[in-house]
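A.B. asks: So you can see what is in the structure, the chains are spelled out below.
Number of protein chains: 2
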Amino acid sequence: MGNEKKNIEIEAIGEFGLIDELTSDFVLRNDSSIKGVGDDSAVMSSKEGEHKLMSSDMLVEGVHFNLSYMPLKSLGFKAVSVNVSDIYSMNGMPEQITVSLGVSSKFPVEALKELYAGIHAACEYYSVDLVGGDTTSSYSGLIISISVIGSVAKNKITYRSGAKENDLLIVSGDVGSSYLGLQILEREKGVFNANPNIQPKLDGYDELIKKQIQPTARMDVISMFQEMSFVPTSMIDVSDGLASEVMHLSKSSDCSFSVYSDKLPISEKSALTAEELGIDPFVCALNGGEDYELLFTASQKDFDKFKNNPNFSIIGFATDKSNANLLIDKNETAVTLNAQGWRHF
Amino acid sequence: MGNEKKNIEIEAIGEFGLIDELTSDFVLRNDSSIKGVGDDSAVMSSKEGEHKLMSSDMLVEGVHFNLSYMPLKSLGFKAVSVNVSDIYSMNGMPEQITVSLGVSSKFPVEALKELYAGIHAACEYYSVDLVGGDTTSSYSGLIISISVIGSVAKNKITYRSGAKENDLLIVSGDVGSSYLGLQILEREKGVFNANPNIQPKLDGYDELIKKQIQPTARMDVISMFQEMSFVPTSMIDVSDGLASEVMHLSKSSDCSFSVYSDKLPISEKSALTAEELGIDPFVCALNGGEDYELLFTASQKDFDKFKNNPNFSIIGFATDKSNANLLIDKNETAVTLNAQGWRHF
Numbered sequence: 059m060g061n062e063k064k065n066i067e068i069e070a071i072g073e074f075g076l077i078d079e080l081t082s083d084f085v086l087r088n089d090s091s092i093k094g095v096g097d098d099s100a101v102m103s104s105k106e107g108e109h110k111l112m113s114s115d116m117l118v119e120g121v122h123f124n125l126s127y128m129p130l131k132s133l134g135f136k137a138v139s140v141n142v143s144d145i146y147s148m149n150g151m152p153e154q155i156t157v158s159l160g161v162s163s164k165f166p167v168e169a170l171k172e173l174y175a176g177i178h179a180a181c182e183y184y185s186v187d188l189v190g191g192d193t194t195s196s197y198s199g200l201i202i203s204i205s206v207i208g209s210v211a212k213n214k215i216t217y218r219s220g221a222k223e224n225d226l227l228i229v230s231g232d233v234g235s236s237y238l239g240l241q242i243l244e245r246e247k248g249v250f251n252a253n254p255n256i257q258p259k260l261d262g263y264d265e266l267i268k269k270q271i272q273p274t275a276r277m278d279v280i281s282m283f284q285e286m287s288f289v290p291t292s293m294i295d296v297s298d299g300l301a302s303e304v305m306h307l308s309k310s311s312d313c314s315f316s317v318y319s320d321k322l323p324i325s326e327k328s329a330l331t332a333e334e335l336g337i338d339p340f341v342c343a344l345n346g347g348e349d350y351e352l353l354f355t356a357s358q359k360d361f362d363k364f365k366n367n368p369n370f371s372i373i374g375f376a377t378d379k380s381n382a383n384l385l386i387d388k389n390e391t392a393v394t395l396n397a398q399g400w401r402h403f
Numbered sequence: 059m060g061n062e063k064k065n066i067e068i069e070a071i072g073e074f075g076l077i078d079e080l081t082s083d084f085v086l087r088n089d090s091s092i093k094g095v096g097d098d099s100a101v102m103s104s105k106e107g108e109h110k111l112m113s114s115d116m117l118v119e120g121v122h123f124n125l126s127y128m129p130l131k132s133l134g135f136k137a138v139s140v141n142v143s144d145i146y147s148m149n150g151m152p153e154q155i156t157v158s159l160g161v162s163s164k165f166p167v168e169a170l171k172e173l174y175a176g177i178h179a180a181c182e183y184y185s186v187d188l189v190g191g192d193t194t195s196s197y198s199g200l201i202i203s204i205s206v207i208g209s210v211a212k213n214k215i216t217y218r219s220g221a222k223e224n225d226l227l228i229v230s231g232d233v234g235s236s237y238l239g240l241q242i243l244e245r246e247k248g249v250f251n252a253n254p255n256i257q258p259k260l261d262g263y264d265e266l267i268k269k270q271i272q273p274t275a276r277m278d279v280i281s282m283f284q285e286m287s288f289v290p291t292s293m294i295d296v297s298d299g300l301a302s303e304v305m306h307l308s309k310s311s312d313c314s315f316s317v318y319s320d321k322l323p324i325s326e327k328s329a330l331t332a333e334e335l336g337i338d339p340f341v342c343a344l345n346g347g348e349d350y351e352l353l354f355t356a357s358q359k360d361f362d363k364f365k366n367n368p369n370f371s372i373i374g375f376a377t378d379k380s381n382a383n384l385l386i387d388k389n390e391t392a393v394t395l396n397a398q399g400w401r402h403f
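Here the protein sequences line up with chains A and B, keeping their order.
Using my numbering, the letters of the first sequence map in sequence onto residues 59 to 403.
Using my numbering, the letters of the second sequence map in sequence onto residues 59 to 403.
Just chain A, with the same shape it has in the complex (with noise of 0.2 Å):
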C-alpha cells in the first residue's frame, strides 16, 4: 500500500518534473561550463593548450552497492568520487558530469532527492557541474551512470605508460580500509540479519566504514602536485585493488614493478581489524580495492619530494620488463605479484 502510494508520486511528476526536482538546485562553477541542463547536450568551452578527459562508470544495485547498509546521499557522493577519481588519474582536474539513472518504481522520490543531495555534495566537494543526464524506470533496483568531463594543460597528462625503469613506484594515503570497511559492514549484516534483536557494532569502525561508504577522490594530491612541480611519469587509482593496478601500470609502461609489502601504507586500524577478522593485511592492502587512491610513478630526481611526505609512501620501484612483477617481504622473499581485484562477473 505504501508501495502504492509512493510509486503514484513518481508517475504524477513525469520524467520532465522528476529531473526538473532533482537538478533544480544544482548551479554551474565552471567557466568552461556554458550550458548545463535543459537542451539536448551540455555545451563546454575548449581551449587551445588543453586537453578533455572523459570517462564513465556504471554503478548497479547488489553488484556494487548494497542499500541495506549505503545510505542514498553517501552512494551519490561515492558515484561521483569513482568517476572524477578517473580524471586526477591523469592530472586533470574534472569539470562536468552527466548523471543518468535507472530507477524502479519502488523509490519514492524522496529517497532520490537523498540520492541527489549527495551528487550534490559531491559536485560542490570537487567543484564539478552536472550538465545533464537522462532518468529512466529500470524494472530492478538502482542504476547510476555518470559520465565526467575534465580538463588537463598538454605538458601535464599523465598517462598509464609513461613509467620507466628505476622510476619510484609512490601511493597516497592507505590502502586496504575501505575493503575491511565492507567487511565490517558484511559482518554485522549477518548478525543483525541472524538476530534483528542485536544491534550492529560499528562504533570505532568509522574510519574504515567511510573510506567504503563515501571515499573522496583525491583531489588534495592533484593540487600538491602543482605546488611540488612534480607531474607523475605514470598514474592510475586504486579502484581494483593494488595490485591489479601496479599490473596495468606494467603493463602499458612495458616495463615490471618490484613491490615491498613492508613498504605499504596500511593504517594501524586497518592492522587491528585485520588481525581481529584473520584476514591477511597485506591481502587486504593489495586485492581489497575501492581505496581510490592514486598509485604513480616518480623519476629517481623526485625523490626528495616524497622521500618524508607523510601524504606518500615509496612502495617500489619499476625493473626491466625482463623480470616479472615481484612482492618482496621483510625477508627479501620475492614471490609473484597476483592481481585477484574486483570481479564482478
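Derived from the structure by calculation, the hints contain no laboratory data.
Careful, some of the hints might be misleading.
The list makes no distinction among identical chains, and a pair is therefore deemed to hold if it is satisfied within one copy or across any two copies.
With a straight-line Cα cutoff of 16 Å, these simulated EDC-like cross-link-like pairs (lysine to aspartate or glutamate) come out [claimed, not checked]: (1) 93 to 108; (2) 212 to 106; (3) 131 to 182; (4) 309 to 78; (5) 222 to 312; (6) 363 to 285; (7) 214 to 106; (8) 321 to 387; (9) 259 to 246; (10) 327 to 232; (11) 327 to 261; (12) 131 to 168.
What you are looking at is a predicted structure, and each value in this text was computed from that prediction instead of being measured.
With chain A held as given, fit chain B onto it using these hints.
C.D. replies: Just chain B now, with coordinates in the frame of chain A:
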C-alpha cells in the same frame, strides 16, 4: 543447461577480457580522439573557436526496447543513433562515445558481440570513436548507457532557445512512421503469442519497422545546412514526439507556435498503416515519438531554402508568446497543442 555454459563463458574471460574482446576492432577516426579505450579516461583535443557538446542517454530492456523483436545488432546501432541525434540537434558533429553496459549473465559473449557489431556499424556510419566505458553485470536484463561528445563552431551552435516570432517551423523527413512500426511489431507479437504457429506478417512494413528498429540520426541534415550556409535559430530532435518537441522549443524560446496539421509530413505507408490499425495518423505524427528527425526554426529570409526542398516540411511558424501553441486543421479550426510524448514512469 545451455545457459549455464554461457554464464561460465562470461565469467571465464572476466571484465577486462570482455572489454578487450568487445572493443578490439574499433579504430580511432577523429583527429580530436587522442586516446581511446585503455587508460583511466579518454583524451580529446580541444580548440579555440569551438565548443564541446556532451549528452548521455540510458536504454533499459523492457522499458526502451524489447529483445523479442529487437535484434541486438540493431539495438547497438539505435543506442548510438539516439545519442548522436542530441549532438546534431545542437548543429554539431559527434566525435566520441563511451558505452557502459549492464548485462545479466543470461547474455552469452556472442550476444554482446552482436550488440557491439551494431555499435561498431554506427561508429562507422556517424564517424564517431568509441573511447571508453564500463561493462558490469546486472541482475535483470540489459542496460545500455551511452555518453557522446561532439564539437561545433561557436558561431553555429544552435540552442532550443533562439526562435523568434514569425520564424518558420520546419521538420526534416517524416514523422509517425517509427510509432507505426512499433504498433506493427506489437500486433504481430500478440498474434504470435496467441498462436505460435502463425508467422508474423512483417512484409510490406519494412520502411516503418526499420524506422523503429534501426533509425538513423540526421547527420545528413547538418551537412545540408552547411552546404546551404544555413544556421537554424533553434533546434531539437524528435524523440518524445513532435508535439512535445514543439512545446520544448516554445518554452525555451519564449514564443508560441502554430502548427498546420495538413503540413505534417506523413508518409503514404504511414497513412495506410494508421488506417489499417484504426489509429489517427495525425496522432501518430504528433505524439508517436522516436522519429529522430530534426525540428528547427528558420528566419523568414531563409524561406527560399526550404519552400520546395523535398527533405524538409514547413509545418508552421512562431507567434508571440501571448498566443497558445496551436494545431490548425485544414478547415482553419485551431485547437491547443497537447504533448503526450513517451512517459516511461
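A.B. asks: Now tell me, hint by hint, if it's right for this structure.
C.D. replies: For each hint, the structure was consulted:
no.	hint	result
1	93 to 108	between (20 Å within a copy, 14 Å between copies)
2	212 to 106	both (9 Å within a copy, 14 Å between copies)
3	131 to 182	within (14 Å within a copy, 40 Å between copies)
4	309 to 78	between (45 Å within a copy, 14 Å between copies)
5	222 to 312	within (8 Å within a copy, 59 Å between copies)
6	363 to 285	within (11 Å within a copy, 57 Å between copies)
7	214 to 106	within (14 Å within a copy, 19 Å between copies)
8	321 to 387	within (9 Å within a copy, 79 Å between copies)
9	259 to 246	within (7 Å within a copy, 58 Å between copies)
10	327 to 232	within (11 Å within a copy, 66 Å between copies)
11	327 to 261	within (12 Å within a copy, 69 Å between copies)
12	131 to 168	within (11 Å within a copy, 38 Å between copies)
Violated hints for the displayed structure: none, as all numbered hints are satisfied.
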